[in-house]
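With the hints as your guide, set chain P onto chain Z.
2 protein chains.
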Amino acid sequence: MVKRSPHFSTLSQADLFVEIPRRVESFRKKNPHVHLVNLSIGDTSQPLIPPIHEALVKEAHQLGTREGYKGYGPEQGTQELREAIAQIVYRHQFSSEEIFISDGAKCDIGRLQLLFASCSSVAVQDPVYPAYVDTSLLSGKKIHLLPCLKENGFLPDVEKIPSVDLLFLSSPNNPTDAVFTRDELTYLVRWAHKEGTIIIFDAAYASYITDPTLPHSIYEIEGAKEVAIEVGSFSKSAGFTGVRLGWSVVPKELCYEEGTPLLRDWDRLVSAFYNGSSRISQKGGIAALTKEGLEGLSKQIGYYQENAQILKRALSEKGYAVYGGHHTPFLWVDFNKRNSWDLFSQFLEQAHLILIPGRGFGPSGEGFMRVSGFGHREEIFKGIERLSCISLQSL
Amino acid sequence: MVKRSPHFSTLSQADLFVEIPRRVESFRKKNPHVHLVNLSIGDTSQPLIPPIHEALVKEAHQLGTREGYKGYGPEQGTQELREAIAQIVYRHQFSSEEIFISDGAKCDIGRLQLLFASCSSVAVQDPVYPAYVDTSLLSGKKIHLLPCLKENGFLPDVEKIPSVDLLFLSSPNNPTDAVFTRDELTYLVRWAHKEGTIIIFDAAYASYITDPTLPHSIYEIEGAKEVAIEVGSFSKSAGFTGVRLGWSVVPKELCYEEGTPLLRDWDRLVSAFYNGSSRISQKGGIAALTKEGLEGLSKQIGYYQENAQILKRALSEKGYAVYGGHHTPFLWVDFNKRNSWDLFSQFLEQAHLILIPGRGFGPSGEGFMRVSGFGHREEIFKGIERLSCISLQSL
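Protein chains in written order, with the numbering used here: chain Z, 1 to 395; chain P, 1 to 395.
Just so you know, the hints here were simulated from the structure itself, not pulled from any lab data.
Predicted model only: the values in this text are computed from it and were never measured.
Accuracy of the hints is not assured; some may be wrong.
The list cannot tell twin chains apart, which means a pair is met if one copy fits it or any two copies do.
Said to hold, decoys possible - Taking lysine-lysine and the DSS-like style, the derived pairs with C-alpha atoms no more than 25 Å apart in a straight line are:
(1) 252 to 194
(2) 70 to 29
(3) 142 to 3
(4) 252 to 382
(5) 70 to 58
(6) 70 to 299
(7) 29 to 382
(8) 225 to 3
Bound conformation, chain Z alone (with noise of 0.2 Å):
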């Protein structure tokens, strides 16, 4: 008889993504004639620049030509994708094998938890996406969530992390903005060669830091490339959430206790787990890392800097407490420890407002909402107007 994998039971909780459509829908089944505005979302909305859906198109017809059809191409990605990332993303820190292309960030953290011994501890910022705890949860690990709260910063205290095997971080993190500065980066970076513990970072937002002293990526710092793995992703660079594409790196030097380096069997897990990525959205890969790509999402991101700017005036005037906004579009309101999942229906039911409990990202996003700046310009100026309809006073 077949056994259910016992980590199901571990997952605590409904997912997130699938949790506010449901409650989203069942709002709108009894209040079909109102218009909500979406202040939720954590995908781009802007158009693919010109530069990319161009490479996007010529690929999509070349493979409908004799000479230009190809069929599989390797596990790991097209060379040409794989240089473009070691030579442009980290400046031929990395040669092309230690590159690898995937559908993204989500699917590689995935893939990732494969290369760990099942009873592995990982450590988690708390609050933070949910993929790493329930592919984490999924696998069979132990889960020790870091606190990130007010007090630090949104950052976990970085003295009083418990020994692990494994430490995800997330910088700038979602849905806190809060990114790690070089210093404290540094510290982990020596911290996990003490421990022998290895850093799973997941630059999935490094294009939206503005800040030049801020790293945009762990192997900024000395001594990561024996102790980190480094995830990214052209979702939300380049408008790619619905294209898919990311990329891992595993550095040649990083190697487990006993002494095999991970690069073998990463390399392996993704020939068996894995069958490459679209050619059609690799292409666009390319086109997104070539010099008036970079340039062109270098403002498509401003534009959602500046929603995230708008919206952040607006909330402070109307009294509200607001935190993040500059590494990320995603703004952190203080609720005072109030619950989340109450006041996303209030700002639902009162407001036609749809935002994102804190409490979703993990126990110690309670309190919070997520507002993001990621829509149009348009519905970040709706979302204003409705939230002059209700009164921080009454939530």
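Below, chain P alone, put in the same frame as chain Z:
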């Protein structure tokens, strides 16, 4: 200190699809002026048909417009494609909620492993596409190989299958071309009911079956919904090996021994480990399932089948003992227990021809070579010429 997953040490050999290019590359370096003919590829070679490539181009174009841009889709796939598969592939046997869109059958097979306790036992055909064995081992499962020999028409002896939790069935099977008949599958479905086994049925080559009496899907068998998951793919039916699109079917009737429906866990697992298939690829999938798409694809499949027939006639005339070429474009050539890696080297060095050693698909593949009709017609004729350079007796 970080522990390597203990399961890597259970993998017995290098990945076949890594080892072959490695050996070919090494030959090419020593013989830079030799033109190699490739009859090894399990990959499609014909361009995407017009309705499909037009749909890909259109969606890629849309993503560059304000009106047409879309970001994340549901992790489980767009409603439109889920419905198209439920209606057209499965003739309304399923609701769209039971169909999950993916980036290909191999990736689904990998993720499906995580539904089941890691100590589960698994039976697989031998020889078979290596992904079942590799993903089973890497997720900690115990493997029983089911020898598929000439004496049994390259199908397992169904009455000798041991008690296992999971049974992978690949039909038509790559590399042997063997298909389960309706009677055999009926026996296996009843057996699975009795044993409490879950069947994972890989129908990636189903569209190559021409005999209408043979089942294209396990769900043509009564009672299969309670015991079977099916995996399907656009790779071989529509030339999507580089576009990446597949699906899985998890019927709502299917439960673990303690009664939980698998559907609920699969939905959650897909949300945790996957982030949806490329929107562009999904539009291509929809085009593939239109009347025009299906007609065009049927012609393309006919081309590959004709390749296989041409090859089969030529090989038979030269005295080779050739099986297969009916339900896949693969021929399974019997070399009477000879070492197939030695044969690989001989064909490469003496005839400048790349074939696949049967041993790469499992121990019972020893003594056979897989010859593929997936190439261009000219390549097939060149391959036949090359076979004339080498005498069967000299091998």
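Hints breached by this structure: 4
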